[in-house]
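The working numbering applies: residue 1 is where the sequence shown begins, and numbers increase by one.
These are computed hints drawn from the structure, not numbers from a lab. Take the hints with a grain of salt, since some may be wrong.
[Said to hold, decoys possible] Restraint ranges, calculated between C-beta atoms of paired labels, are given here:
#, residue 1, residue 2, range
1, P36, E5, 14 to 24 Å
2, S41, A63, 13 to 23 Å
3, R39, M1, 13 to 23 Å
4, R62, I4, 28 to 38 Å
5, A17, R60, 27 to 37 Å
6, R60, A80, 26 to 36 Å
7, N81, R61, 27 to 37 Å
No residue lacks a Cβ here, since even glycine has one placed at the ideal position from N, Cα and C.
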Amino acid sequence: MQYIEPTNQQRAEILAASNVEVDRLVSTDERDSISPMSRTSLWRAINTGEFPKPVKLTARRRAWRLSSLLWFNHLAEQAAN
Numbered sequence: 001m002q003y004i005e006p007t008n009q010q011r012a013e014i015l016a017a018s019n020v021e022v023d024r025l026v027s028t029d030e031r032d033s034i035s036p037m038s039r040t041s042l043w044r045a046i047n048t049g050e051f052p053k054p055v056k057l058t059a060r061r062r063a064w065r066l067s068s069l070l071w072f073n074h075l076a077e078q079a080a081n
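Turn these sequences into a full structure, and let the hints guide you.
Shown next, in the form of structure tokens:
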């Protein structure tokens with residue numbers, strides 16, 4: 001499944017459906033709880049365009065937009081059905 005970034009409207013809808021008021025950046029630890037995946041599988045999926053790309057915070061730190069992770073989970077659920 002190729003990941004496609006959500007539009008601003010889709011971001012707002014997925015956040016509202018998850019009872020989240022504001023989009024924010026989430027750390028690797030929190031990303032693990034939202035979309036559990038091994039480190040190797042994660043980077044492979046990012047490099048092949050199957051998972052949202054992280055935002056580069058510093059040379060060594062990355063974070064993900066919460067709405068992107070929720071949207072990824074939504075797309076994965078749709079693909080499974």
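Comparing the hints with the structure gives:
1. Between P36 and E5 the Cβ separation comes to about 21 Å, which falls inside the hinted range of 14 to 24 Å.
2. Look at S41 against A63: about 19 Å separates their beta carbons, and that is inside 13 to 23 Å.
3. At about 20 Å, the beta-carbon gap between R39 and M1 stays in the expected band of 13 to 23 Å.
4. Here the CB-CB span from R62 to I4 is close to 20 Å, at odds with the stated 28 to 38 Å.
5. Distance hint check: the CB atoms of A17 and R60 are about 33 Å apart, consistent with the given range 27 to 37 Å.
6. Between R60 and A80 the beta carbon distance is about 34 Å. The supplied range of 26 to 36 Å therefore holds.
7. In this structure the hint that N81 and R61 lie 27 to 37 Å apart at CB holds, the actual value being about 35 Å.
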